[in-house]
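A.B. asks: With the hints as your guide, set chain G onto chain E.
Chains as they are written, first to last, in the working numbering: chain E, 1 to 145; chain G, 1001 to 1158.
Bear in mind the hints are in silico, worked out from the structure with no lab data behind them. Since this is a predicted model, take the numbers as computed values, not measurements. Backbone N, C-alpha and C fix where the C-beta goes; we use that ideal spot for every residue, glycine too. Any given hint could turn out to be false.
[Stated by the list, open to error] Below, computed lysine-lysine pairings styled on DSS-like, alpha-carbon distance capped at 25 Å: (1) G/K1016 / G/K1086; (2) E/K138 / E/K4; (3) G/K1150 / E/K71; (4) E/K108 / G/K1146; (5) G/K1028 / E/K108; (6) E/K138 / E/K51; (7) E/K108 / G/K1150; (8) E/K132 / E/K10; (9) E/K71 / G/K1151; (10) E/K71 / G/K1127; (11) G/K1028 / G/K1014.
[Said to hold, decoys possible] One side only, chain E facing chain G, incomplete, derived with CB under 10 Å: (12) T63; (13) V67; (14) L91; (15) S92; (16) R93; (17) Y100; (18) P105; (19) K108; (20) V112; (21) D113.
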Amino acid sequence: MSLKLKALLKSPWVFHLSTGSCNNCDIELLDCLTPRFDIERFGMVLAGSIKHADVLLVTGSCTRQSVIRMKRLYEQVPKPCLVVAIGECALSRGMFIHSYNCPVPLDKIIPVDIYIPGCPPKPEAIIAGVVKLIEKVKKEKRCEK
Amino acid sequence: MMTREKILKDLQEKFKSDIIDVFDKSPKRVYIGIRPESLRKVAEYVVGILNARFNIATGLDARRHIEILYHFTLEDINLLVSFRVKLDRTSPKADSLTDILEGANWIEREIHEMLGVDFRGHPDLRKLLLSDDWPEGVCPLKADYKEWDKKAIRDRGI
Chain E
1 MSLKLKALLK SPWVFHLSTG SCNNCDIELL DCLTPRFDIE RFGMVLAGSI
51 KHADVLLVTG SCTRQSVIRM KRLYEQVPKP CLVVAIGECA LSRGMFIHSY
101 NCPVPLDKII PVDIYIPGCP PKPEAIIAGV VKLIEKVKKE KRCEK
Chain G
1001 MMTREKILKD LQEKFKSDII DVFDKSPKRV YIGIRPESLR KVAEYVVGIL
1051 NARFNIATGL DARRHIEILY HFTLEDINLL VSFRVKLDRT SPKADSLTDI
1101 LEGANWIERE IHEMLGVDFR GHPDLRKLLL SDDWPEGVCP LKADYKEWDK
1151 KAIRDRGI
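Same shape as in the complex, but just chain E:
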């Protein structure tokens, strides 16, 4: 793909966005940052601001109130950016699919690059998913050549 995307693959900075999750996915995501799992091996650093981020990690079932904020955040990410949906709620809203407060799934609102299922997914699964995402983007690049 573009030069910009190639540059960010060396060290993707991730931004953690929770759209009304039960916090279990968030806890597993925070585990990934601890020395035990240590996603900095892959150059990933948690970005404090959305404007420094390359990868958006989204958890939660997209409630009506958070969808507005999520759209606003997605507009502010420097493009190109990658979106990772983490957990059953972000994938298909899980058990909240008939909830009055969760009308639309995440991938109908913003484009999602990779899905990591699980309730919650293990830190190993999250790391494997993100590594697969990097591989996928690299492969796309090779195809274009």
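C.D. replies: Frame of chain E, contents of chain G only:
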């Protein structure tokens, strides 16, 4: 110090015409059904004289009525007293306790948006949890709630 029996007996004597039923569930839990119009009177007594602490209120749609349970803790005797109020289902109205108990403010706002209960005398009945574009008069926790959002997707796409 007043005992549990004394406090409950006093309550029943003082509010003889206001109390509908008393359900003594367990040593730590009593449910007292009261008339909606005497809610403020009872709450003033329980908070002012008995020094009870207001925990929270619970609203529920019981099909025939809209029920609100006001939970009070009597910490000296380790007792949780729940006052049950049954409201008319078609147009539920209750007196607001906000001027007696500031802690009742937000829970009344929540019960107002979720079950459509009109709290008379509440200073500010704005929405608390629902989104800003939620239509007026639609109460999601009522039993007869119907989907109003035409754009909602309710299948998993498989």
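A.B. asks: Could you run down the list of hints and mark each one as holding or not?
C.D. replies: Here is what the structure says about each hint:
1. G/K1016 / G/K1086: With Cα atoms ~18 Å apart, G/K1016 and G/K1086 stay inside 25 Å; holds.
2. E/K138 / E/K4: holds, 13 Å
3. G/K1150 / E/K71: Roughly 20 Å separates the two Cα atoms, so the pair holds.
4. E/K108 / G/K1146: Holds. E/K108 to G/K1146 sits at ~23 Å (cutoff 25 Å).
5. G/K1028 / E/K108: Since the Cα atoms of G/K1028 and E/K108 sit roughly 50 Å apart, the hinted pair is violated (cutoff 25 Å).
6. E/K138 / E/K51: Given that 25 Å is the threshold and the Cα spacing comes to 23 Å, the pair holds.
7. E/K108 / G/K1150: holds, 15 Å
8. E/K132 / E/K10: Holds - the C-alpha atoms of E/K10 and E/K132 are around 14 Å apart, at most 25 Å.
9. E/K71 / G/K1151: holds, 17 Å
10. E/K71 / G/K1127: Holds: E/K71 and G/K1127 sit about 22 Å apart, inside 25 Å.
11. G/K1028 / G/K1014: Measuring from Cα to Cα gives roughly 22 Å; hence the hint holds.
12. T63: holds, 8 Å
13. V67: holds, 8 Å
14. L91: Status holds, d = 9 Å.
15. S92: holds, 5 Å
16. R93: holds, 9 Å
17. Y100: holds, 4 Å
18. P105: holds, 6 Å
19. K108: Hint on E/K108: holds, closest Cβ of chain G at ~6 Å, below 10 Å.
20. V112: violated, 13 Å
21. D113: This interface hint is violated because 17 Å lies over the 10 Å limit.
The structure fails hints 5, 20 and 21 (numbered hints given earlier, in ascending order).
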